[in-house]
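Chemist: Here's the letter readout for the chains.
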Amino acid sequence: MIKELQSAQVIVCVGTGGVGKTTMAAAIGFWLAGQGRKTLVLTVDPAQRLKTTFGLKTAGEWIQVKENLWASVVDPQKTFNDFVRKASGEDPSSEKLFQNNLYKQLTTTLSGSQEFTSLENLLSAVSSGKFDVVVLDTPPAQHAIDFLNAPQKLAMIFTEGVARWFRDPGGKKENFWKGLVQSGTKQVLKILEKLTGSQFVSELSDFFQKIHSWQGKLESRAIDAHRLLVAPGTHFLLITGFDEAKFKESQGFAQEIKKSGYQLSGVVVNRVFPHWYRENRAAGGPLQKKFESYYQERLKTVEHFAGKLGTQISVVTIPEQNEDVHDLAGVAELAEVFANRIQPQ
Amino acid sequence: MEIRFISGKGGVGKSSIAAAMALNEAKKGRKTLLAELGHQSFFESAFQKSIKNTPVPWKQGVDVVLWDGTSCLREYALHLLKSETLYRLFFENSVSRTLIQIAPGLSELAILGKVTSGPPRNIGPALNYEVIIVDAFASGHFLALLDAPVGLSNAVQIGPMAEQTKSIIGVLKDKAITQFHLVTLPEELPIQETLETSQKLQEKGWGAPKIWINRCLPDLVESEPNPEFKKFVEGHLERQKLATKQFPGAQKLPWVLSNHFESSVDQIAEVLR
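These protein sequence lines map, in sequence, to chains A and B.
Under the working numbering, the first residue of the first sequence is numbered 1, with each subsequent residue one higher.
Under the working numbering, the first residue of the second sequence is numbered 1, with each subsequent residue one higher.
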């Protein structure tokens, strides 16, 4: 794993919510910066204290944390607005789109929008040439694979076939539609209005009309993002917690990600055992013994799981830290632990 | 009918507690459904059973089901349109699929519509359970789920959709029917997030949630010779005290030292009893 991480251009940390992805991404970034690489850590959802530590008050900016290390929080609304401005060629009328309620919703809550904006930020950071490596912390997902599927899902909405229908759902403007599907379309329109209300339908039509001139760019941007994700310098790290079910899912994820052409270079099993459970620990009483057999079994499962993944994917176990990581000192400590654990045994 | 939503930060043990609660309710003789939200089932691999959109028996009188936005919406649309043809016309093309993705909150509303589809609303296929335990999404996503009917209710003021939305909100706000539960751990980040989520729930008019502090240890450090381990337990107990102060009235649940989900669930169910 070390070689890949040290030479990577992009490191994408994927995983479900609640496994310590953000702190792990920060620690890996810290470690790389210590190795002399100009590093940017792109976070999505950092805890308030980590945000304060990194000085990330204004979302979207690259803030220098220390030598060789920058950090930034993705701001979905700002990212989308900047994207729209650029894609429309700085057309001032594009600002009207920002008032569309659907647009506001889309850019924040629509499935795929957080992922798309993360990738958009990634593309900007990489193309700036300012960094040797960008570590991307992905949005918390129910399943690790969601991150990879999301941008395509979003791009599909903006394909011309679909967009054309929404631009003019009544078929009034395009004669082409009239002859073909008029009655069917009317039915669908009625159902749509019944399901969502006519205000929504007009907002939808308005939205698609406004984005007409640049909607193709969203699709091509999603393609650019995909190209970067499958590039040889891009490595995926799956961050997981110890959880039998999560392991099973991780196996499936590893297979899936490989099929799609992404490089999964490692799995980091976080918080796998507490600090005191070290090799030369003192003997314990009844409670300690209970904990020990619990962690012993857990580690066996991790070994078994690592075996199933094969030799191409390294599995690294990270113990719990003494305290929650919520400041730079904590990140530094975790970075050191990570550096030790990825050394070949 | 009673509906209980279980939420909390990712990784705190929502699913274990939801499953344990379900077992406990069934033990009391109540017809119980354990409902999971989303499109991939965790319980499926945990219980080694196929779990889809129709309830199947799990054990000890508890049925289990997986509800996702798309299938709930399909069912609701069929109910609303009352015509198989119209339904197929609408749902089997890419335009509709796009719409479902785009319409803010539509998917979430469909899920909540399904959860509240039993008495007193009685919409769609019968949901004859006395209690439904919903293993809901993690905090952020859960708040977004609850926002959906409110947002839609503002956007859509008249028509059958609006009526449905209002009646869904009515059931969710009826304290005799719906309860909200948040699970936390005796750890800084989960405690912080639980405080924030609890505040937001109250601000939005859903009422104060019941809090559960999971993975608590008994105060048995005396007989532990290893000072490092002792420190670990003492730290944990300290944070437990803090959590109890932050959440007066919260119930503590033990740290079950088992790597097997179902046996952990059984042990928690014992404690709940």
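Because the hints were derived from the structure by calculation, they are not lab data.
Be aware that a few hints might be false.
Claimed, not checked - The list that follows gives simulated cross-link-like pairs (lysine-lysine, PhoX-like), each with its CA atoms no further than 25 angstroms apart:
{"#": "1", "chain 1": "B", "residue 1": "K27", "chain 2": "A", "residue 2": "K290"}
{"#": "2", "chain 1": "A", "residue 1": "K290", "chain 2": "B", "residue 2": "K241"}
{"#": "3", "chain 1": "B", "residue 1": "K204", "chain 2": "A", "residue 2": "K104"}
{"#": "4", "chain 1": "A", "residue 1": "K308", "chain 2": "B", "residue 2": "K49"}
{"#": "5", "chain 1": "A", "residue 1": "K289", "chain 2": "A", "residue 2": "K258"}
{"#": "6", "chain 1": "B", "residue 1": "K252", "chain 2": "A", "residue 2": "K290"}
{"#": "7", "chain 1": "A", "residue 1": "K248", "chain 2": "B", "residue 2": "K204"}
{"#": "8", "chain 1": "A", "residue 1": "K51", "chain 2": "B", "residue 2": "K59"}
{"#": "9", "chain 1": "B", "residue 1": "K52", "chain 2": "A", "residue 2": "K153"}
{"#": "10", "chain 1": "A", "residue 1": "K96", "chain 2": "A", "residue 2": "K86"}
{"#": "11", "chain 1": "B", "residue 1": "K59", "chain 2": "A", "residue 2": "K104"}
{"#": "12", "chain 1": "B", "residue 1": "K27", "chain 2": "A", "residue 2": "K248"}
{"#": "13", "chain 1": "A", "residue 1": "K289", "chain 2": "B", "residue 2": "K231"}
{"#": "14", "chain 1": "A", "residue 1": "K217", "chain 2": "A", "residue 2": "K96"}
{"#": "15", "chain 1": "B", "residue 1": "K231", "chain 2": "A", "residue 2": "K290"}
{"#": "16", "chain 1": "B", "residue 1": "K231", "chain 2": "B", "residue 2": "K210"}
Chemist: None of the hints should be skipped; say for each whether it holds.
Modeler: Right, here's what the structure says about each hint:
1. Taken as a hint, the K27/B and K290/A pair is broken in the structure, with Cα atoms around 29 angstroms apart against an allowance of 25 angstroms.
2. A hinted pair counts as satisfied when its Cα atoms are at most 25 angstroms apart, and K290/A with K241/B qualifies at roughly 23 angstroms.
3. Proximity of K204/B to K104/A is assessed by CA-CA distance (about 20 angstroms); at most 25 angstroms being required, the pair is judged to hold.
4. With a C-alpha separation of about 23 angstroms, the suggested pair K308/A and K49/B falls inside the 25 angstroms cut-off, and the hint holds.
5. Between K289/A and K258/A, the direct Cα distance comes to roughly 40 angstroms. Violation of the 25 angstroms bound is thereby established for this hinted pair.
6. For the proposed pair K252/B and K290/A, the alpha carbon gap of about 20 angstroms is at most 25 angstroms, so the pair holds.
7. Proposed proximity of K248/A and K204/B is contradicted: the alpha carbons are some 38 angstroms apart, above 25 angstroms.
8. Restraint check: the Cα-Cα separation between K51/A and K59/B comes to about 45 angstroms, which exceeds 25 angstroms; the hinted pair is violated.
9. Taking the CA atoms of K52/B and K153/A, the gap is near 23 angstroms; set against the 25 angstroms cutoff, the hint holds.
10. Taken as a hint, the K96/A and K86/A pair is honoured in the structure, with Cα atoms around 14 angstroms apart against an allowance of 25 angstroms.
11. For a cut-off of 25 angstroms, the pair hint linking K59/B to K104/A is broken: about 45 angstroms separates their Cα positions.
12. As the CA atoms of K27/B and K248/A are separated by approximately 31 angstroms, the hinted pair breaks the 25 angstroms bound.
13. Of the supplied pair hints, the one linking K289/A and K231/B holds, its CA atoms being roughly 15 angstroms apart against a limit of 25 angstroms.
14. Among the hinted pairs, K217/A with K96/A is consistent with the structure: their alpha-carbon atoms are about 18 angstroms apart, no more than 25 angstroms.
15. Our distance criterion of 25 angstroms between C-alpha atoms is met by K231/B and K290/A, whose separation comes to about 16 angstroms.
16. Restraint check for K231/B and K210/B: not satisfied, since their Cα atoms lie roughly 30 angstroms apart, outside the 25 angstroms limit.
When held up to the earlier numbered hints, the structure conflicts with 1, 5, 7, 8, 11, 12 and 16 and fits the remainder.
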